[in-house]
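J.: Chain residues, written in single-letter form:
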Amino acid sequence: MVPPSVSLPLPTAEPTMVASPSATPMPDQIIFEVRNDLGMIESDLEKIKEDNRLNPPTFIFDLGIPK
Amino acid sequence: MNKLPRVEFSSRSCLTYIMKRIFFFFVLLCLLWTLSTVTCFGQNRTSQENYQKLLQDYREYQGLIEPFNTKKSRHLTYGTVETQSEFLEESKNLISAEIKAITSYTAFVKSYLAEATQILNYRENYLYVKLDDELAFLETAKGRVESLSSLSGAGELMTDLATHYKKIVKIGYQVKAMLGVESVKKVFENVKVDKDKLNNFFSENKASSNELSAAKEKFSDLDKEINTIASLISQTEESQKKFESGDPPGLAKEIWGVLTQILVKINRVIDGYKNIVSSLK
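Residue numbers (this note's numbering), protein chains in the order written: chain A, 42 to 108; chain B, 169 to 449.
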């Protein structure tokens, strides 16, 4: 019976430094995001205006003669 | 010589052919009917196009008021068969133009609602259903004008029109108020997202400096404004519920008054947040 060959350990690469993703964004990133958001909110706000075109026109609903 | 294949026309294949033709004709009719309905109710027009049509139709209607009043005066003065007939004819013209303009206004409100709700993700459809009911009534009313043969009949039709127009007016003001409230709510939700982001920033940033302390204090002051805005928004939502029983123009005015206050406050919060953000650079 042939004994199972025992492989030599494979050369392992040195672990590279990978920054793990942060659970929360960096403070600078938050500030950047908020600044951008505020710009967009301001532009949305400018669009909110009372539209008087929706006010209904007036009409006559009476012939104006004695019944 | 090779014989050509014989084509047999059985009565069955002939019947199938006719049936296919009838089916095709029926589908074509349905399509034409749908197209005419869509065009008639102005559903394929943008709100801007519908508004232009409303202006045009309303101008046309206004142009008929003077001839209507002239014929009415003549009829009230002379009271002859001739003046009555002339006045009836002028009344019919006026009512026709009135129905046309009201239809344009209703179509405008509907298209405006449709365009706005795409942006606001407004999912209620009861206003569309109500507007469709009114458009259907107006379509029937058009036919009634043609068959009018007396002034009393014209008066009755006007009374019916008044009842339905009251409903349409209510929807118009309701749409005006509702879209304002929904737009403000959407913007406010975005402001609250930024509020949470800044809140996270302050809770994570433990460094101490005069700027940071001042920024935290300002942020906390603006929180009070945020609470006031939330309460004003609730107020507008409560006012919206009164449309079924209240005075629509008054309610729309009241709601827009509050919305204007909210917009001022949101702008103040945004300016405050911008100030905080620039101080934290």
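Any given hint could turn out to be false.
Straight-line Cα separation of at most 27 Å, BS3-like style, residue types lysine-lysine; simulated pairs [claimed, not checked]:
(1) B/K392 - B/K354
(2) B/K188 - A/K90
(3) B/K353 - B/K386
(4) B/K260 - A/K90
(5) B/K240 - B/K268
(6) A/K88 - B/K360
(7) B/K386 - A/K108
(8) B/K384 - B/K421
(9) B/K310 - B/K353
(10) B/K442 - A/K88
(11) B/K365 - A/K88
(12) B/K421 - A/K90
(13) A/K90 - B/K360
(14) B/K260 - B/K363
(15) B/K442 - A/K90
(16) A/K108 - B/K240
(17) B/K335 - A/K108
(18) A/K88 - B/K354
(19) B/K310 - A/K90
(20) A/K90 - B/K384
(21) B/K310 - B/K335
(22) B/K421 - B/K335
(23) B/K354 - B/K298
(24) B/K268 - A/K88
(25) B/K421 - A/K108
(26) A/K88 - B/K221
(27) B/K384 - B/K334
(28) B/K421 - B/K409
(29) A/K90 - B/K240
(30) B/K374 - A/K90
(31) A/K88 - B/K353
(32) B/K392 - A/K90
(33) A/K88 - B/K384
(34) A/K88 - B/K260
These are calculated hints, taken from the structure and not from any lab test.
J.: Does each hint fit the structure? Answer for all of them.
T.: Status of the hints after comparison with the structure:
For the proposed pair B/K392 and B/K354, the alpha carbon gap of about 19 Å is at most 27 Å, so the pair holds. For the suggested pair B/K188 and A/K90, the alpha carbons sit about 55 Å apart, so the restraint of at most 27 Å is broken. For the suggested pair B/K353 and B/K386, the alpha carbons sit about 23 Å apart, so the restraint of at most 27 Å is met. Between B/K260 and A/K90 the alpha-carbon distance is near 39 Å, which puts this suggested pair outside the 27 Å criterion.
Restraint check: the Cα-Cα separation between B/K240 and B/K268 comes to about 22 Å, which is no more than 27 Å; the hinted pair holds. At roughly 19 Å between alpha-carbon atoms, A/K88 and B/K360 fall within 27 Å of each other, so this suggested pair holds. Using a Cα cut-off of 27 Å, the hinted pair B/K386 and A/K108 is violated, with the two alpha carbons roughly 70 Å apart. Only pairs whose Cα atoms come within 27 Å are accepted, and B/K384 paired with B/K421 is rejected, the gap being roughly 37 Å.
Our distance criterion of 27 Å between C-alpha atoms is broken by B/K310 and B/K353, whose separation comes to about 40 Å. Only pairs whose Cα atoms come within 27 Å are accepted, and B/K442 paired with A/K88 is accepted, the gap being roughly 20 Å. For the suggested pair B/K365 and A/K88, the alpha carbons sit about 24 Å apart, so the restraint of at most 27 Å is met. For the hint pairing B/K421 with A/K90, the CA-to-CA distance comes to about 13 Å; that is within 27 Å, so the pair holds.
For the given pair, A/K90 sits about 21 Å from B/K360 by alpha-carbon distance, which is consistent with the 27 Å threshold. Taken as a hint, the B/K260 and B/K363 pair is broken in the structure, with Cα atoms around 60 Å apart against an allowance of 27 Å. At most 27 Å may separate the alpha-carbon atoms for a hinted pair to count; B/K442 and A/K90 meet this at roughly 23 Å. A threshold of 27 Å between alpha carbons decides the hint, and for A/K108 with B/K240 the separation of about 14 Å falls inside it, so the pair holds.
For the hint pairing B/K335 with A/K108, the CA-to-CA distance comes to about 26 Å; that is within 27 Å, so the pair holds. Of the supplied pair hints, the one linking A/K88 and B/K354 holds, its CA atoms being roughly 12 Å apart against a limit of 27 Å. Under the criterion of a C-alpha separation no larger than 27 Å, the hint pairing B/K310 with A/K90 is inconsistent with the structure, at around 35 Å. Pair hint A/K90 plus B/K384 does not hold up; C-alpha atoms about 32 Å apart against a cutoff of 27 Å.
Our distance criterion of 27 Å between C-alpha atoms is met by B/K310 and B/K335, whose separation comes to about 18 Å. For the hint linking B/K421 to B/K335, the alpha-carbon distance of about 18 Å falls within 27 Å, and the restraint holds. Pair hint B/K354 plus B/K298 holds up; C-alpha atoms about 25 Å apart against a cutoff of 27 Å. The hinted pair formed by B/K268 and A/K88 fails the criterion: a straight-line CA distance of about 31 Å is larger than 27 Å.
Of the supplied pair hints, the one linking B/K421 and A/K108 is violated, its CA atoms being roughly 36 Å apart against a limit of 27 Å. Distance check on the hinted pair: A/K88 and B/K221 sit about 24 Å apart at the alpha-carbon level, within 27 Å; holds. About 52 Å separates the Cα atoms of B/K384 and B/K334, which puts this hinted pair outside 27 Å; it is violated. A threshold of 27 Å between alpha carbons decides the hint, and for B/K421 with B/K409 the separation of about 14 Å falls inside it, so the pair holds.
Proximity of A/K90 to B/K240 is assessed by CA-CA distance (about 42 Å); at most 27 Å being required, the pair is judged violated. Taking the CA atoms of B/K374 and A/K90, the gap is near 41 Å; set against the 27 Å cutoff, the hint is violated. Annotation: proposed proximity of A/K88 to B/K353 holds, straight-line Cα distance about 13 Å (limit 27 Å). Only pairs whose Cα atoms come within 27 Å are accepted, and B/K392 paired with A/K90 is accepted, the gap being roughly 25 Å.
Annotation: proposed proximity of A/K88 to B/K384 is violated, straight-line Cα distance about 30 Å (limit 27 Å). Among the hinted pairs, A/K88 with B/K260 is inconsistent with the structure: their alpha-carbon atoms are about 42 Å apart, more than 27 Å.
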